[in-house]
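Start from the sequences and build out the full structure, keeping to the hints where you can.
Protein sequence lines correspond, in order, to chains A and B.
Numbering-wise, this note's numbering puts 48 at position 48 of the first sequence, and it's gapless, one number per residue.
To convert a position in the second sequence, counted from 1, into this note's numbering, add 1000.
Just so you know, not all the hints are guaranteed correct.
Unchecked claim - With the Cβ distance kept under 10 Å, some of the chain A side facing chain B (calculated, not the full set): (1) V4; (2) Q6; (3) G62; (4) F63; (5) I103.
Derived by calculation from the structure, the hints in this document are not laboratory data.
Backbone N, C-alpha and C define an ideal beta-carbon position, used for all residues, glycine too.
Given next are the chains, with one letter for each unit.
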Amino acid sequence: AQSVAQPEDQVNVAEGNPLTVKCTYSVSGNPYLFWYVQYPNRGLQFLLKYITGDNLVKGSYGFEAEFNKSQTSFHLKKPSALVSDSALYFCAVREGGSQGNLIFGKGTKLSVKP
Amino acid sequence: DGGITQSPKYLFRKEGQNVTLSCEQNLNHDAMYWYRQDPGQGLRLIYYSQIVNDFQKGDIAEGYSVSREKKESFPLTVTSAQKNPTAFYLCASSISLGGTAKNIQYFGAGTRLSVL
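Here it is, written out as structure tokens:
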């Protein structure tokens, strides 16, 4: 069965510092991995995805994520956090090539302080 | 949230009442989805549809119903059988149901449902 875990409910970072939001996954085949961001009372916005190829994926708003097959992880990163990055971040996984649905993690609240 | 419109933004349900949440998309997507979001629980799939006149139950379909009479529209009815309907409901769509590289889900802005 597919699953995804976001081990941290909340991540606190000072503005200008690097940030990491963690995600680990479990699928039986090759994973398709996604990160979404949600601002208060809004829908989810797509940030980036990993399908195949380069393990470092670049996405919107300066975010990037690193796929690590041996550790089954797909951590979201940004070199320098902004206060406006404060939001709820969701990792999601689907088994590649299948018609299975997206499985979402429980979300990690990112708080960036000035 | 462009391309997917959910209405209303806020909705209140009286006990024993059925309410319907609207979801319309102009992205020409075949697949549409309804999720329920509760604090600390992430998104849970209620129903999904891969084509007009076809839909499938997700993980938490009990107490909900849907229809897909038009490609653009996928309304969700929260019935009186749903005993704990207070939540944030999100509609999404994608090109198709399959797990292809292009198949990103796009979300509406959501409807917050509360019980009076």
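> Hint check: is the beta carbon of A:V4 less than 10 Å from a beta carbon of chain B?
Replying inline: Given a least distance of 9 Å, the restraint on A:V4 holds.
>> Interface hint check: A:G62, Cβ to nearest Cβ on chain B, cutoff 10 Å. Holds or violated?
In response: violated, 19 Å
> Can we keep the A:F63 interface hint, with Cβ of chain B closer than 10 Å?
Replying inline: This hint is violated: A:F63 lies away from chain B, its Cβ roughly 15 Å from the closest one there, beyond 10 Å.
>> Interface hint check: A:I103, Cβ to nearest Cβ on chain B, cutoff 10 Å. Holds or violated?
In response: holds, 9 Å
>> Would the hint on A:Q6 be counted as holding, given a Cβ-Cβ threshold of 10 Å to chain B?
In response: This interface hint holds because 8 Å falls under the 10 Å limit.
In summary, the structure is inconsistent with hints 3 and 4 from the numbered list given earlier, while agreeing with the others.
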